[in-house]
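**Student:** Take a look at the letters that make up each chain.
There are 2 protein chains.
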Amino acid sequence: MDQSGNNEIDVATIPPCCLKAQAFSPNAVLEANCHATVVSGWFSEHQNSSDDKRMYFNNPMWPGEAHSLEVKEILFKERSKFQEVLVFESATYRKVLVLDGILQLTERDEFAYQEMIAHLPLCSIKSPKNVLVVGGGDGGVLREVARHSSVELIDICEIDQMVIDVSKIFFPDLAVGFEDPRVHLHVEDALEFIKRVPKGKYDAIIVDSSDPVGPAQDLVEKPFFEMIANALRPGGVLCNMAESMWLHTHLINNMMSACREVFKGSVHYAWANVPTYPSGVIGFILCSTEGPPVDFRNPVNPIEKLEGALEHEREPRFYNSQIHRAAFALPSFVKKQVSCL
Amino acid sequence: MDQSGNNEIDVATIPPCCLKAQAFSPNAVLEANCHATVVSGWFSEHQNSSDDKRMYFNNPMWPGEAHSLEVKEILFKERSKFQEVLVFESATYRKVLVLDGILQLTERDEFAYQEMIAHLPLCSIKSPKNVLVVGGGDGGVLREVARHSSVELIDICEIDQMVIDVSKIFFPDLAVGFEDPRVHLHVEDALEFIKRVPKGKYDAIIVDSSDPVGPAQDLVEKPFFEMIANALRPGGVLCNMAESMWLHTHLINNMMSACREVFKGSVHYAWANVPTYPSGVIGFILCSTEGPPVDFRNPVNPIEKLEGALEHEREPRFYNSQIHRAAFALPSFVKKQVSCL
Numbered sequence: 078m079d080q081s082g083n084n085e086i087d088v089a090t091i092p093p094c095c096l097k098a099q100a101f102s103p104n105a106v107l108e109a110n111c112h113a114t115v116v117s118g119w120f121s122e123h124q125n126s127s128d129d130k131r132m133y134f135n136n137p138m139w140p141g142e143a144h145s146l147e148v149k150e151i152l153f154k155e156r157s158k159f160q161e162v163l164v165f166e167s168a169t170y171r172k173v174l175v176l177d178g179i180l181q182l183t184e185r186d187e188f189a190y191q192e193m194i195a196h197l198p199l200c201s202i203k204s205p206k207n208v209l210v211v212g213g214g215d216g217g218v219l220r221e222v223a224r225h226s227s228v229e230l231i232d233i234c235e236i237d238q239m240v241i242d243v244s245k246i247f248f249p250d251l252a253v254g255f256e257d258p259r260v261h262l263h264v265e266d267a268l269e270f271i272k273r274v275p276k277g278k279y280d281a282i283i284v285d286s287s288d289p290v291g292p293a294q295d296l297v298e299k300p301f302f303e304m305i306a307n308a309l310r311p312g313g314v315l316c317n318m319a320e321s322m323w324l325h326t327h328l329i330n331n332m333m334s335a336c337r338e339v340f341k342g343s344v345h346y347a348w349a350n351v352p353t354y355p356s357g358v359i360g361f362i363l364c365s366t367e368g369p370p371v372d373f374r375n376p377v378n379p380i381e382k383l384e385g386a387l388e389h390e391r392e393p394r395f396y397n398s399q400i401h402r403a404a405f406a407l408p409s410f411v412k413k414q415v416s417c418l
Numbered sequence: 078m079d080q081s082g083n084n085e086i087d088v089a090t091i092p093p094c095c096l097k098a099q100a101f102s103p104n105a106v107l108e109a110n111c112h113a114t115v116v117s118g119w120f121s122e123h124q125n126s127s128d129d130k131r132m133y134f135n136n137p138m139w140p141g142e143a144h145s146l147e148v149k150e151i152l153f154k155e156r157s158k159f160q161e162v163l164v165f166e167s168a169t170y171r172k173v174l175v176l177d178g179i180l181q182l183t184e185r186d187e188f189a190y191q192e193m194i195a196h197l198p199l200c201s202i203k204s205p206k207n208v209l210v211v212g213g214g215d216g217g218v219l220r221e222v223a224r225h226s227s228v229e230l231i232d233i234c235e236i237d238q239m240v241i242d243v244s245k246i247f248f249p250d251l252a253v254g255f256e257d258p259r260v261h262l263h264v265e266d267a268l269e270f271i272k273r274v275p276k277g278k279y280d281a282i283i284v285d286s287s288d289p290v291g292p293a294q295d296l297v298e299k300p301f302f303e304m305i306a307n308a309l310r311p312g313g314v315l316c317n318m319a320e321s322m323w324l325h326t327h328l329i330n331n332m333m334s335a336c337r338e339v340f341k342g343s344v345h346y347a348w349a350n351v352p353t354y355p356s357g358v359i360g361f362i363l364c365s366t367e368g369p370p371v372d373f374r375n376p377v378n379p380i381e382k383l384e385g386a387l388e389h390e391r392e393p394r395f396y397n398s399q400i401h402r403a404a405f406a407l408p409s410f411v412k413k414q415v416s417c418l
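Chains as they are written, first to last, in our numbering: chain A, 78 to 418; chain B, 78 to 418.
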């Protein structure tokens with residue numbers, strides 16, 4: 078209701094998906110405005126504000142556009158201690174995981190993201206042994222890390238137990254990652270976990286966080302990168318999810334300059350095409366600590382030569398060594414706008 | 078109205094954008110169902126059927142998903158002899174051109190497509206002189222071809238005069254391409270035009286068609302490719318728009334195998350990331366006729382060395398030689414699904 082007591086909705090703030098509701102019931106838009114994330118047929122990305130419980134349909138991370146998926150069935154919807162967790166069966170992208178209104182993965186294209194964020198760092202160094210995954214509670218990154226037979230330890234630090242539980246129920250092809258005996262699960266805040274990590278413990282750290290709003294906010298700041306660098310061995314590598322080069326050059330610039338200050342080896346930006354992410358891409362920042370030099374652009378540990386990597390459960394579907402090298406080719410506007418590439 | 082005479086709408090067929098209408102007026106959805114392409118606030122892609130004048134919101138080219146743009150103002154909407162032409166000012170992607178309900182370009186990201194479809198072929202051969210553009214009535218490809226100072230003749234064959242006129246009014250940054258004195262405009266069916274072309278006339282042909290529904294249907298069939306090959310000199314090149322590797326592998330397979338039969342030089346698939354196209358990508362088939370071999374993957378005519386290419390109007394914003402090489406790196410699933418790569 079507006080201040081005058083009418084039931085009129087501010088149409089400018091209602092997303093396409095929710096308007097679908099009106100075709101069923103005149104109250105549906107109101108209900109939609111009261112925190113329903115999928116209404117009668119289509120899901121569109123939006124964002125819940127934790128402050129005032131209102132819904133922002135014009136997501137501030139990508140204003141003026143929306144990608145919508147047709148919904149066959151809502152399978153799960155609950156608020157965890159940290160965020161709203163939603164799972165639905167879509168009409169054409171199979172099952173979909175949504176956190177706080179933001180699409181995290183679909184079963185149809187998840188492999189592109191999981192394979193790239195795992196193999197870009199792990200194929201850039203010889204024989205990685207100790208790996209830390211931050212976030213990634215769905216298990217998909219674990220599944221990919223496990224392809225590397227040199228790896229002896231896979232720590233994962235995920236803040237939200239509900240994401241893990243939901244993934245084990247609804248996304249078995251991802252949660253299979255948890256079954257590897259090398260995996261050790263730590264359910265806690267990554268900042269607290271990394272503080273306790275002995276200096277130089279890991280060969281590689283993969284930060285599979287959600288967007289830097291909500292629980293992942295601290296994971297794009299310099300203090301976090303300093304802790305990461307401390308937890309890596311000399312010449313160890315970080316791969317950090319780094320948004321869309323079309324939409325978030327300001328944020329990418331900030332992350333890159335923080336990383337340049339912290340990581341004294343190399344710092345690079347790479348990207349992959351993932352259809353269901355905004356603008357169809359997702360970026361990665363790849364950094365190495367001072368020590369043996371790392372040339373991220375030329376995989377020294379090619380997946381095609383890894384024993385068992387191509388047979389583990391199923392072949393990689395997106396990543397290969399050509400795609401690895403190509404991921405570092407940046408459009409001219411990105412080179413211009415991201416000053417510290 | 079349904080058969081019972083009620084005003085009830087089949088909700089399953091109504092797209093997100095049109096439901097927005099209901100918030101304004103109970104009749105708006107009905108109006109939307111009667112051929113309005115943008116209704117009160119948001120545009121979503123759909124397709125008009127020329128047979129029964131109904132609107133299909135679940136576009137058969139990408140069922141179960143929709144990308145929507147917030148509309149600030151509709152600037153033009155008219156039916157040409159061939160298709161419905163719509164121009165609107167969007168909230169965050171500047172001006173947008175839509176043909177038969179399918180987004181053709183936005184001013185914010187058009188350069189990625191135009192630069193790639195023009196420079197992938199033209200930077201793959203030395204000193205291109207005679208170039209034919211099929212479609213491309215917006216002028217953007219002409220603008221890019223004109224960067225090549227070796228080019229002496231640019232023929233363009235566009236079927237729809239309205240696209241050209243609309244572009245000159247609303248998209249001056251694209252239509253600028255028509256101002257180059259080397260450009261010769263032919264407004265007619267490309268199949269008729271190419272029939273009359275003397276054998277071996279062109280060094281390069283660029284097919285900037287719309288999706289293979291409506292006027293562009295014939296442009297993905299073998300007879301068309303045979304005429305193209307005939308119009309090219311030995312070792313001449315074709316670059317043909319070729320859909321999304323995530324959504325249309327069947328169509329890509331068909332086009333690739335037709336091209337393999339016709340073009341006896343090399344045949345390759347490349348792709349680029351264009352945010353406002355379905356799944357965030359667009360593909361290109363690159364072919365060369367028998368003659369001096371063409372290695373598409375390594376530009377022999379790099380744009381960075383072309384005299385004046387980087388100063389013409391403005392610098393390229395997407396294309397560079399690294400992006401050129403990277404465009405041919407294909408995800409593993411594409412290599413597997415497109416059998417004749």
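Just so you know, these hints were derived from the structure itself, not from any lab. Just so it is clear, the structure is predicted and the values come from calculations on it, not from any experiment. Every residue, glycine too, gets a C-beta built ideally from N, C-alpha and C. Misleading hints may appear alongside valid ones.
[What the hints assert, rightly or not] Which residues of chain B face chain A? A partial, calculated answer using Cβ under 8 Å:
no.	residue
1	Ser-145
2	Leu-146
3	Glu-184
4	Asp-186
5	Phe-247
6	Pro-289
7	Ala-335
8	Arg-337
9	Tyr-396
**Student:** With reference to the structure, classify each hint as holding or not holding.
**Tutor:** Okay, the hints, checked on the actual structure:
1. Ser-145: At 5 Å from the nearest chain A Cβ, Ser-145/B passes the 8 Å test, so the hint holds.
2. Leu-146: holds (5 Å)
3. Glu-184: violated (13 Å)
4. Asp-186: holds (7 Å)
5. Phe-247: At 18 Å from the nearest chain A Cβ, Phe-247/B fails the 8 Å test, so the hint is violated.
6. Pro-289: Hint on Pro-289/B: violated, closest Cβ of chain A at ~20 Å, above 8 Å.
7. Ala-335: Where the cut-off is 8 Å and the nearest Cβ of chain A is about 25 Å from Ala-335/B, the hint is violated.
8. Arg-337: This interface hint is violated because 21 Å lies over the 8 Å limit.
9. Tyr-396: With Cβ-Cβ at 7 Å, under 8 Å, it holds.
When the structure is compared with the earlier hints, violations turn up for hints 3, 5, 6, 7 and 8 and for no others.
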